[in-house]
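Trainee: In case you want the letters, here they are:
Number of protein chains: 2
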Amino acid sequence: MVDPHTGAPGLHAALVRHTGYLLSRLGWFASRRFSERLQSLDLTPRMWGALNVLAAGSPVSQQQLGRSIGMDPSSMVGTIDELESLGLVERRPNPSDRRAHALYLTQAGRERLATGRIEAKQAQEELLAPLSGPERAQLHELLLRVAQGIDATDPEAVKD
Amino acid sequence: MVDPHTGAPGLHAALVRHTGYLLSRLGWFASRRFSERLQSLDLTPRMWGALNVLAAGSPVSQQQLGRSIGMDPSSMVGTIDELESLGLVERRPNPSDRRAHALYLTQAGRERLATGRIEAKQAQEELLAPLSGPERAQLHELLLRVAQGIDATDPEAVKD
DNA sequence: CTCAGATCGTTTGTAGCACAAACTATTTTG
DNA sequence: CAAAATAGTTTGTGCTACAAACGATCTGAG
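Protein chains in written order, with this note's numbering: chain A, 1 to 160; chain B, 1 to 160.
These are computed hints drawn from the structure, not numbers from a lab.
Mixed in with the good hints, there may be bad ones.
[What the hints assert, rightly or not] Taking CB as the label site, the calculated pair distances span:
id	chain 1	residue 1	chain 2	residue 2	range
1	A	N94	B	E84	21 to 27 Å
2	B	S40	A	E135	33 to 39 Å
3	B	P45	A	G78	24 to 30 Å
4	B	A55	A	S96	54 to 60 Å
5	B	Q138	A	R32	23 to 29 Å
6	A	E111	B	P59	52 to 58 Å
[As the list claims (entries may be wrong)] Now the stretches of chain B that chain A is said to cover, found in silico as 3 or more residues with beta-carbon under 8 Å:
id	segment
7	35-42
8	46-53
9	85-92
10	97-108
11	121-135
12	139-151
Keep in mind it's a predicted model, so treat the numbers as computed, not measured.
Positions of the beta carbon are idealized from the N, C-alpha and C atoms, including for glycine.
Can you build the whole structure from these sequences, using the hints too?
Mentor: Here it is as structure tokens:
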């Protein structure tokens, strides 16, 4: 009845009418499937998020990183520990604030990220298979607008 | 920096480019916010899903219900226990299969559901505030197509 | 300059949920 | 009838979110 690999879909007609439900259910699938792909890279979704943010720009503190990917500080510790033990991320002292760490992506981290992006591309292709190119763009744009609405509700959300 | 009520958005530019990420993040918010609303009704999202499916039609077994809302059998037990102790759902014997229960929605259950639907309506309005009417319809339709794609990948998913 | 309060990373503890395994009672199948 | 499958349940494990507290450090008011 349910493929143990992909998990139970659970798309009952009575629930699928609600956009919010569809959103949360699909989000669950998307992250679950992607997380399976990441396993081959010894990465968890949290680690993946961290690598992406770190690759994006200047070094950040653990708290900034945590806010960016919606993870609380106490959970950050272990995640960064893992990334550091894999040699993908470096904790360096922050010269201007000795409380904070400055997180850096290593060369190995950059390479792992590049490999992961191939997986991400495939996962996205698989997920959005039912949609045409323009439809995918439109879906993305609509989701983005909804996301911005949430940010607006949520003051000071993405300042860092 | 982050409103403790709504939770950390975490919509970093580096991640927001991926539709899959947007989907899972937005899904997380949607369910979180709705779950806060449900607290005033003494319901959890799981219970809410169960009530909806039960209201939709003929009595189902716990396993059928579980599959419909993506919850495994062992977690179903406690959920139904709660619903039953609240007087919202009834476990009756299934005459044609003495292993299985036939789950029924009580009158109180129907009333609670009706109240919840008002909350759901408001939550959806709040979530989709940035979108116009036609845009909301389009978003829903696109999500539905993606969901159907997942079902297709996932054999025998929603048979029950 | 001082000192009270805030912030950063960290540790610890609690609670909820997903998942797997095992068990009984029953049904189905060969 | 015997063997395998299924429904509900119990139990245990592991992960994650969340809250609270702590030392070290920074900041700002006076």
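Trainee: Are the hints correct? Go through all of them and say.
Mentor: Hint-by-hint comparison with the structure:
The beta-carbon spacing between N94 of chain A and E84 of chain B, approximately 55 Å, falls outside the hinted interval of 21 to 27 Å. In this structure, S40 of chain B and E135 of chain A meet the distance hint of 33 to 39 Å, their C-beta atoms being roughly 38 Å apart. A beta carbon spacing of about 27 Å between P45 of chain B and G78 of chain A agrees with the range 24 to 30 Å that was offered as a hint. Between A55 of chain B and S96 of chain A the beta carbons are some 59 Å apart, a value that agrees with the proposed interval 54 to 60 Å.
Roughly 26 Å separates the CB atoms of Q138 of chain B and R32 of chain A, a value that falls within the hinted 23 to 29 Å. One distance hint, 52 to 58 Å for the beta-carbon pair E111 of chain A and P59 of chain B, holds here, with the actual separation near 56 Å. Using a Cβ-Cβ cut-off of 8 Å, 0 residues of the segment 35-42 of chain B lie near chain A, which falls short of the minimum of three, so the contact claim is violated. Residue count for the segment 46-53 of chain B with a Cβ under 8 Å from a Cβ of chain A: 3. That meets the three needed, and the coverage hint holds.
Chain A is given as covering the segment 85-92 of chain B, and this is violated because 0 residues of the stretch bring a CB closer than 8 Å to a CB of that chain, at least three being needed. A stretch counts as covered by a chain when three or more of its residues have a beta carbon under 8 Å from one of that chain; for the segment 97-108 of chain B and chain A the count is 0, and the coverage is violated. Beta-carbon proximity to chain A at under 8 Å applies to 9 residues in the segment 121-135 of chain B; the threshold of 3 is reached and the given coverage holds. Check result for the segment 139-151 of chain B against chain A: holds, 12 residues qualifying (beta carbon to beta carbon below 8 Å, three or more required).
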